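Those sequence lines, one after another, are chains U and W. Note that our numbering gives residue 29 to position 29 of the first sequence, counting from 1, and the numbers run on in steps of one. So our numbering is basically just the index in the second sequence, starting at one, shifted up by 157.
Quick caveat, the hints were computed from the structure, so don't treat them as lab data. This structure is a prediction, so every number in the text was calculated from the model and none was measured. Here a beta-carbon is modelled for each residue, glycine too, at the ideal position from N, C-alpha and C. Be careful, since some hints might not be right.
To be verified - In the BS3-like style, the derived pairs of lysine-lysine whose C-alpha atoms are separated by at most 25 Å in a straight line are: (1) Lys-150/U to Lys-442/W; (2) Lys-363/W to Lys-90/U; (3) Lys-383/W to Lys-11/U; (4) Lys-109/U to Lys-284/W; (5) Lys-150/U to Lys-437/W; (6) Lys-11/U to Lys-437/W; (7) Lys-442/W to Lys-11/U; (8) Lys-109/U to Lys-363/W; (9) Lys-744/W to Lys-650/W; (10) Lys-744/W to Lys-143/U.
As the list claims (entries may be wrong) - Pulled from the structure, derived: some chain W residues nowhere near chain U, Cβ distances all over 12 Å: (11) Thr-308; (12) Gln-310; (13) Asp-440; (14) Asp-465; (15) Val-472; (16) Leu-674; (17) Asn-720.
To be verified - Covered, in the sense of this in silico footprint (three residues per stretch, anywhere, with C-beta under 8 Å from a C-beta of chain W), are these stretches of chain U: (18) 38–46; (19) 49–56; (20) 137–143.
What follows is each chain in one-letter form.
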Amino acid sequence: MQKSLHIDPVKCTGCRQCEMACSYENYGVFNISKSRIRVFDFEHTGRKVPYTCTQCAEAWCMHACPVEAIKLDADTGAKVVHEDVCVGCKVCTIACPFGTVNYMADRGKVQKCDLCGGEPACAEACPTGAITYIDADWTGLDKMRQWAEKTGNQASA
Amino acid sequence: MAWTRKFLRIDLTKGTVKVEDLNMKWADEYLGQRGLATKYFVEEVDPKVDPLSPANKMIFTTGPLTGTMASTGGRYSVVTKGPLTGAIACSNSGGYFGAELKFAGWDMIIVEGKSPKPVYLSIADDKVEIRDASHLWGKTVWETEETIKKTHQDPLIHVSSIGRSGENGVLYACIVNDLHRAAGRSGVGTVMGSKNLKAIAVRGTKGVGNIRDPKEFMKVTFEKKKVLADNAVTGQGLPTYGTQVLMNVINEIGALPTRNHRDVQFESASKISAEAMHEKRPDGKSHLVTNQACFGCTIACGRISKLDEKHFTVVNNPKYWGASGGLEYEAAWALGCANGVGDLDALQYVNMLCNEDGFDPISFGATIGAAMELFDLGLIKKEEIGFDAPFGSAEALVKLAEMTARGEGFGKVIGLGSKRMCEKYGRPDLSMSVKGQEFPAYDSRGIQGMGLTYATSNRGACHLRSYTVASEVLGIPVKTDPLTTDGKPELVKAFQDATAVFDSSGVCVFTTFAWTLADLQPQLAAALEGDWSMDKLNLVGERIWNMERMFNNSAGFTSKDDNLPPRLTNEPAKTGPAKGLVNGLAKMLPEYYKIRGWDNDGRPTNETTARLGL
Numbered sequence: 001m002q003k004s005l006h007i008d009p010v011k012c013t014g015c016r017q018c019e020m021a022c023s024y025e026n027y028g029v030f031n032i033s034k035s036r037i038r039v040f041d042f043e044h045t046g047r048k049v050p051y052t053c054t055q056c057a058e059a060w061c062m063h064a065c066p067v068e069a070i071k072l073d074a075d076t077g078a079k080v081v082h083e084d085v086c087v088g089c090k091v092c093t094i095a096c097p098f099g100t101v102n103y104m105a106d107r108g109k110v111q112k113c114d115l116c117g118g119e120p121a122c123a124e125a126c127p128t129g130a131i132t133y134i135d136a137d138w139t140g141l142d143k144m145r146q147w148a149e150k151t152g153n154q155a156s157a
Numbered sequence: 158m159a160w161t162r163k164f165l166r167i168d169l170t171k172g173t174v175k176v177e178d179l180n181m182k183w184a185d186e187y188l189g190q191r192g193l194a195t196k197y198f199v200e201e202v203d204p205k206v207d208p209l210s211p212a213n214k215m216i217f218t219t220g221p222l223t224g225t226m227a228s229t230g231g232r233y234s235v236v237t238k239g240p241l242t243g244a245i246a247c248s249n250s251g252g253y254f255g256a257e258l259k260f261a262g263w264d265m266i267i268v269e270g271k272s273p274k275p276v277y278l279s280i281a282d283d284k285v286e287i288r289d290a291s292h293l294w295g296k297t298v299w300e301t302e303e304t305i306k307k308t309h310q311d312p313l314i315h316v317s318s319i320g321r322s323g324e325n326g327v328l329y330a331c332i333v334n335d336l337h338r339a340a341g342r343s344g345v346g347t348v349m350g351s352k353n354l355k356a357i358a359v360r361g362t363k364g365v366g367n368i369r370d371p372k373e374f375m376k377v378t379f380e381k382k383k384v385l386a387d388n389a390v391t392g393q394g395l396p397t398y399g400t401q402v403l404m405n406v407i408n409e410i411g412a413l414p415t416r417n418h419r420d421v422q423f424e425s426a427s428k429i430s431a432e433a434m435h436e437k438r439p440d441g442k443s444h445l446v447t448n449q450a451c452f453g454c455t456i457a458c459g460r461i462s463k464l465d466e467k468h469f470t471v472v473n474n475p476k477y478w479g480a481s482g483g484l485e486y487e488a489a490w491a492l493g494c495a496n497g498v499g500d501l502d503a504l505q506y507v508n509m510l511c512n513e514d515g516f517d518p519i520s521f522g523a524t525i526g527a528a529m530e531l532f533d534l535g536l537i538k539k540e541e542i543g544f545d546a547p548f549g550s551a552e553a554l555v556k557l558a559e560m561t562a563r564g565e566g567f568g569k570v571i572g573l574g575s576k577r578m579c580e581k582y583g584r585p586d587l588s589m590s591v592k593g594q595e596f597p598a599y600d601s602r603g604i605q606g607m608g609l610t611y612a613t614s615n616r617g618a619c620h621l622r623s624y625t626v627a628s629e630v631l632g633i634p635v636k637t638d639p640l641t642t643d644g645k646p647e648l649v650k651a652f653q654d655a656t657a658v659f660d661s662s663g664v665c666v667f668t669t670f671a672w673t674l675a676d677l678q679p680q681l682a683a684a685l686e687g688d689w690s691m692d693k694l695n696l697v698g699e700r701i702w703n704m705e706r707m708f709n710n711s712a713g714f715t716s717k718d719d720n721l722p723p724r725l726t727n728e729p730a731k732t733g734p735a736k737g738l739v740n741g742l743a744k745m746l747p748e749y750y751k752i753r754g755w756d757n758d759g760r761p762t763n764e765t766t767a768r769l770g771l
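All chains, please: the whole structure from these sequences, using the hints.
As structure tokens, then:
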């Protein structure tokens with residue numbers, strides 16, 4: 001069974017624990033500018049939205065890479081950048097429709113979410129359950145349960 | 158260790174930027190942030206300095222845990238000599254600015270001198286520039302943040318700035334970062350304005366490394382986040398209701414100062430409470446939109462609210478219709494109870510003005526309360542203000558807030574604070590302040606320990622120097638009787654010293670609803686080299702407190718200034734559980750001095766200074 005990151009923005013408080021966990025997991029420092037997940041703060045509505053790679057099945061970034069530096073991790077379904085192969089051409093950053101692959105000038109490579117090999121640090125760090133790591137085929141389960149609860153009493157009619 | 162070991166020294170007179178090494182010996186003795194910056198300050202600045210002269214300095218400072226995964230590890234402080242009080246000032250803020258400063262590679266910024274023209278400081282990692290701000294002068298905090306981000310084409314910049322009130326010399330101007338977080342008290346923003354420094358803009362990409370034992374740090378910070386999550390106050394009360402959870406509680410116990418402390422209970426408290434913020438208004442929406450965290454915070458007490466678009470304050474002003482910060486308890490109290498206004502939307506509108514133009518809602522609201530009493534007594538005339546200003550008038554509150562923000566008309570008098578204003582009208586006794594700084598939201602007749610807290614606070618009346626409300630009302634860490642003075646001197650000293658450590662670490666003092674020093678200690682010990690045992694931390698806290706005290710003594714403060722307005726020591730509370738009581742400061746103060754190791758004039762004895770290495 002594969003899992004995927006599931007984001008519920010309503011629960012996000014904007015604390016950035018996910019961003020720090022991501023940078024610490026990957027680079028050993030607390031540095032949100034190196035995070036592969038970003039929280040966006042929409043001040044005028046009060047909404048805060050964490051956003052990262054959704055691991056597209058037919059990943060634009062993977063197909064666009066001229067040196068095959070982005071490969072599928074069959075266990076997790078993540079599209080993983082292999083830094084030893086990446087030449088920093090940035091074509092993947094152009095190909096990705098969602099902007100979730102980004103270049104790191106100091107390393108000369110690109111980076112994107114790799115699901116931390118199946119234990120995403122962001123989900124572990126999130127204090128409110130806004131980011132969870134759940135069954136990839138049932139990301140709608142919670143919403144279904146909520147609607148089931150709401151409509152359940154009318155089912156007999 | 159969790160330091161970058163570098164700080165910036167900005168000389169605004171000469172227009173120079175210097176990089177200096179952090180004094181690690183002092184970091185070992187004073188921990189960081191409040192403690193360490195105050196050490197630099199007292200070493201470098203004459204205690205008699207005029208706070209608004211170029212010779213005063215201001216230090217923007219982080220703690221060792223700022224910018225780490227320790228919960229709430231995003232705090233920074235501004236240390237200076239405050240113009241409202243003439244005492245040491247240290248104002249602490251959350252948001253994202255503090256962490257960003259550390260990420261840029263700087264533990265601290267010392268600002269000195271005065272720029273000949275308005276400037277802002279731009280920091281992008283190692284690139285540090287003093288830039289022209291003539292186009293920003295006269296602009297609000299919100300406009301300043303937006304303009305700077307546009308100028309640099311970088312939405313990830315975090316800005317700390319002053320609004321028009323800081324430029325206009327309002328003596329309780331704040332420094333506001335991230336739109337609605339503020340280093341709020343004692344007029345630190347006024348000092349910034351006096352230096353012609355409009356803003357500091359920071360973008361950092363270096364991050365925080367150098368954690369002594371990263372594995373242990375991750376483990377222990379994770380455990381301590383769980384302590385916050387499992388605690389009823391930090392896990393449920395604060396995220397759901399914010400600090401406003403206190404409004405009805407403090408009203409019930411008869412410690413809600415009302416109409417300039419004439420009363421201790423407010424008949425409209427429930428209308429401006431946390432519960433009211435959750436209720437549906439006539440427009441079908443609730444006032445509260447969501448809660449919000451500062452950097453790294455797993456509590457998320459912050460409030461984001463929206464006004465009723467049809468409310469008289471904003472009906473023709475869509476600029477204020479969006480979601481914005483507030484109301485927090487202290488602001489709701491000062492803008493509401495202190496002047497008898499029970500109109501939630503009016504309070505939130507004024508709170509937005511405080512954020513937008515950077516002035517402290519506590520001192521402002523309390524000054525309005527005093528002005529309304531002077532109006533009530535006929536000492537301030539309608540002609541002087543331009544309109545009637547009776548207790549309870551939301552219209553007067555709103556107009557005076559607009560005038561204070563812009564430095565217009567009677568707003569200039571309000572901008573002086575209650576002490577100077579009440580002196581001007583011949584009734585200094587009506588200023589509800591200590592050392593010139595207005596009380597926050599707890600009446601010391603109903604919570605006796607807070608009387609001693611206020612009287613001895615090193616930055617003038619303040620709840621954040623020893624929040625004995627936690628013990629006396631909420632039973633944290635142990636319940637004490639709010640109506641007696643017994644044991645309060647020990648309690649106040651313990652809270653003052655522990656709080657000094659929290660304020661010096663980079664985390665938020667609100668963690669102390671769930672954490673004691675014993676919860677903070679292992680997080681510091683994992684992050685830092687050296688001895689960070691409980692004994693050491695207790696000593697450091699006491700050392701910081703005494704250092705601040707000695708600065709104030711040298712600045713001219715004596716035991717006479719450890720005082721409360723006569724209303725609190727002579728006029729008994731009229732209603733509620735504290736009915737008939739005054740504050741028993743006279744009983745507590747001598748005992749407090751003795752426990753502190755101070756002489757009868759409130760000066761640390763030679764024995765005490767030797768013990769503390771001062």
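Hints and how they fare:
The suggested pairing of Lys-150/U with Lys-442/W holds, with an alpha-carbon distance near 22 Å, which does not exceed 25 Å. For the hint linking Lys-363/W to Lys-90/U, the alpha-carbon distance of about 22 Å falls within 25 Å, and the restraint holds. For a cut-off of 25 Å, the pair hint linking Lys-383/W to Lys-11/U stands: about 18 Å separates their Cα positions. A C-alpha spacing of about 24 Å is found between Lys-109/U and Lys-284/W, which places the hinted pair at or below 25 Å, so the restraint holds.
Distance restraint check for Lys-150/U and Lys-437/W: the Cα-Cα separation of roughly 22 Å lies within the 25 Å cut-off, and the hinted pair is therefore satisfied. Pair hint Lys-11/U plus Lys-437/W holds up; C-alpha atoms about 21 Å apart against a cutoff of 25 Å. A distance of roughly 19 Å separates the Cα atoms of Lys-442/W and Lys-11/U; the hinted pair therefore holds under the 25 Å criterion. Among the hinted pairs, Lys-109/U with Lys-363/W is consistent with the structure: their alpha-carbon atoms are about 17 Å apart, no more than 25 Å.
Only pairs whose Cα atoms come within 25 Å are accepted, and Lys-744/W paired with Lys-650/W is accepted, the gap being roughly 15 Å. Proposed proximity of Lys-744/W and Lys-143/U is contradicted: the alpha carbons are some 61 Å apart, above 25 Å. Separation of Thr-308/W from chain U is adequate, the least Cβ-Cβ distance of about 19 Å exceeding the 12 Å criterion. Under the 12 Å C-beta cut-off, the non-interface status given to Gln-310/W relative to chain U holds; the minimum distance is some 16 Å.
Taking the minimum C-beta to C-beta distance to chain U, about 17 Å, the non-interface status of Asp-440/W holds against the 12 Å cut. Every Cβ of chain U is farther than 12 Å from the Cβ of Asp-465/W; the closest lies at roughly 16 Å, confirming the non-interface assignment. The Cβ of Val-472/W sits about 19 Å from the closest Cβ of chain U, beyond the 12 Å cut-off, so the non-interface label holds. For Leu-674/W, the non-interface assignment is confirmed: its Cβ lies about 23 Å from the closest Cβ of chain U, beyond the 12 Å cut-off.
Against the 12 Å criterion, Asn-720/W stays outside the reach of chain U, whose nearest CB is about 41 Å from its own CB. Under a criterion of three residues with beta carbons nearer than 8 Å to beta carbons of chain W, the stated coverage of the region 38–46 of chain U is upheld, 4 such residues being counted. A count of 0 residues in the region 49–56 of chain U with a Cβ less than 8 Å from any Cβ of chain W is obtained; the coverage claim is therefore unmet, three being the minimum. Here the region 137–143 of chain U counts 0 residues with a CB under 8 Å from a CB of chain W, which misses the bar of 3, and the coverage is violated.
Violation of the numbered hints given earlier is confined to hints 10, 19 and 20; the remaining hints are satisfied by the structure.
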